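Undergrad: Keeping their order, the protein sequence lines are chains G and A. First residue of the first sequence? That's 0 in numbering that gives the first Met the number 0, and the numbers climb one at a time after it. First residue of the second sequence? That's 0 in numbering that gives the first Met the number 0, and the numbers climb one at a time after it.
Don't take every hint at face value.
[To be verified] Listed next, the in silico EDC-like pairs over lysine to aspartate or glutamate satisfying Cα-Cα at most 16 Å (straight line):
(1) G:Lys-65 with G:Asp-77
(2) G:Lys-195 with G:Glu-207
(3) G:Lys-66 with A:Asp-380
(4) A:Lys-71 with A:Asp-380
(5) G:Lys-222 with G:Glu-12
(6) G:Lys-195 with A:Asp-47
(7) G:Lys-65 with A:Asp-380
(8) G:Lys-151 with G:Glu-166
Honestly, the hints are just simulated from the structure, not real lab data. Quick caveat, the model's predicted, so the values are computed rather than measured.
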Amino acid sequence: MNIAVCVKHAVDEAELRADSSGKPQLQGALAKMASFDRNAIEEALRQKEAVTGTVTVIGLGGADQKKTLKEALAMGCDRAVAIAAATNRELDALSTAYFLSRGVQRAGQVDLVFLAEGASDTYHGLVGPMLAAWLDLPFVGYARKLAIEGGKLKAEVSLDERTEAVETSLPAVVSVVSEINTPRYPTLLQIMQASKKPMEEVPLESLEDQRAPSESVRVMGTKMVPTNRKKVIYEGPAEETARKLVDALKTEGMV
Amino acid sequence: MTGAGALSPTESEKHLIRSGGSAARLLALNLFRDEHRRTLDTIYGARDAEAYASLLGAFAATLDERVAPESKRFDAEAGGIATSRRAMFEQGLCAMPFDSNGGLSLPFGVYCLAMELAGAADASTAMSVGIHNTVAEGIFRFGSDAQRSSVFEDLIKGRRLASFSLTEPSSGSDASNMSTLATREGSGYTINGTKTFITNAGEADLYLVFAKTGDGHSAFIVERDNAGISFGPDIPKLGMKGSRTAEVRLQDCRVSADSLVGAEGRALEYVKAMLNASRIVMGSICVGIALTAYTQAVRYSTQRELFHQRLSDSPVTREKIADMRTSITAARLSCMHASRLKDLGRDFASEAAQAKLLSTEMAVEVCDRAIQMFGGYGYTDSDVHRHWRDARLLTIGEGASEVLRGLIAARELSAFR
């Protein structure tokens, strides 16, 4: 089974800081593989290991993205395609999906394309379905469980208030949620071996053709959303405060 | 304790005190990345430094997720490090410094920086793993081919846990004075004696036991399920509470001749060689402990307000920060220098002793200052005194400071005679 996984070298949301005016300091911010991408890679590896085949990891970004692609190779992907974009080039979801689709085509005939439900920094969740549209393949979004049976893909997908069971033919594009699996940690040996695995660099300009969409979205600005915590403290004997806490959590709809 | 309202910590400060600085820990591990790259750069050159730093970065990320969040609990519950030890084993930490039989052929200095990270994430686990790997080092260097391809490979892959059984109730630093006796009987040996303060005792699958044989001393591999070996209860400790420490009791313990490591009568030579390497590792663990306490204290100082200014704005605090930082850097470089000499095949006994002496005493001092920076909270409900308690052990174990000073001075004086 040949599988492609699309990953993003994203701003580390846990380390993001705002300046005094509340604007996030994106310049020089720490970046890492987008959190849920590890679930997408894990699922691709599990599906491959259940039979045989290859997993190609595809990234689109600046030179820094090689760190994320190497991490994917260390986890067990067989080869990487790095679509190299100039660091100052901002791509909207439609263009990102287009160039990733061209990257997927470089992986050869694929049976499955995996990606995360959304990137952990921007979390638009748009690239998955758009990628499927560019590749003209069926799309299964928010998969939390999946199996390949009789040449078909059967998936359980997480929607807001319910879970749906869906089935589709292969090849298909699948976006996964983090509940689908627990990603593996690469060992030091795997990390060392990853540098010997093939990584193809493709300049983004070489993929631009008549079908490439023009930029339709322009980012006007980015702001941090302030989170106001309630900071409630219950004082008294443990049993009493525990009961108060549980009641409060129930009132908030947390449990 | 401060009583005046103006001097009481705010809610967020209280949170910082009680949280044990889990966020600070993450910050600590992030801080390491650039520091390690810069240190590696000066020793191994930019290209290798980049590769080593990315390995260490990946290792740090695993520790951040799988080990560091549990560290406070290990101390409170005095145990439970098996899963964090497994995480380090699975990553391949123990295979790093060995160049065959499944080793990763990485420089000893890179292994020491990994042990520094391990020490920063959880000192008890790091010490347990470090001592385990001292046994691996001994079997790798002095063991038979058969021991290398079976026992050694099991150890560096973490399939079995080892324990270094040297100290006795009446012989610690003076190992030659041990009373455990191994007598040759038929095709094997019978061992009798008691070892104490043994890390991993009872949990380990195999024990490298040192005993007197004739005029000399010998080392034996004794399996946990061997008849005649038993273990005392866990010995309560001031720090390093996550790791298990107990007696190893040997009563008519029969082992085969294949259990002998190296040549009969030469074990004290092996002990010295093993401890030389281990001392650098213990020094590195202390650098990690110190950096964790330092990071927590500095972070606290930037948030705690006192006399209408941040603690970190006070010149007295700044002096502490500068001194702590400088001594941490010096200790790390001392460990790296001894590591490099080891890799180059030079004599490094004195440098290893210096690295351990400097790093362990530095860690106690830095952790002590960190407690001071937290004030009354440092002595009570913060987590920062744990690091002091952990570091304190390592000025005693694996070569007490007094023994190390004696060794260093003897080497120095010999040049003047």
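Undergrad: Please go over all the hints and tell whether each is borne out by the structure.
TA: Status of the hints after comparison with the structure:
1. G:Lys-65 with G:Asp-77: 15 Å, holds
2. G:Lys-195 with G:Glu-207: 29 Å, violated
3. G:Lys-66 with A:Asp-380: Status violated; Cα separation ~40 Å.
4. A:Lys-71 with A:Asp-380: This hinted pair holds, its Cα atoms lying about 12 Å apart.
5. G:Lys-222 with G:Glu-12: Holds - the C-alpha atoms of Glu-12 of chain G and Lys-222 of chain G are around 13 Å apart, at most 16 Å.
6. G:Lys-195 with A:Asp-47: 15 Å, holds
7. G:Lys-65 with A:Asp-380: 44 Å, violated
8. G:Lys-151 with G:Glu-166: 7 Å, holds
When held up to the earlier numbered hints, the structure conflicts with 2, 3 and 7 and fits the remainder.
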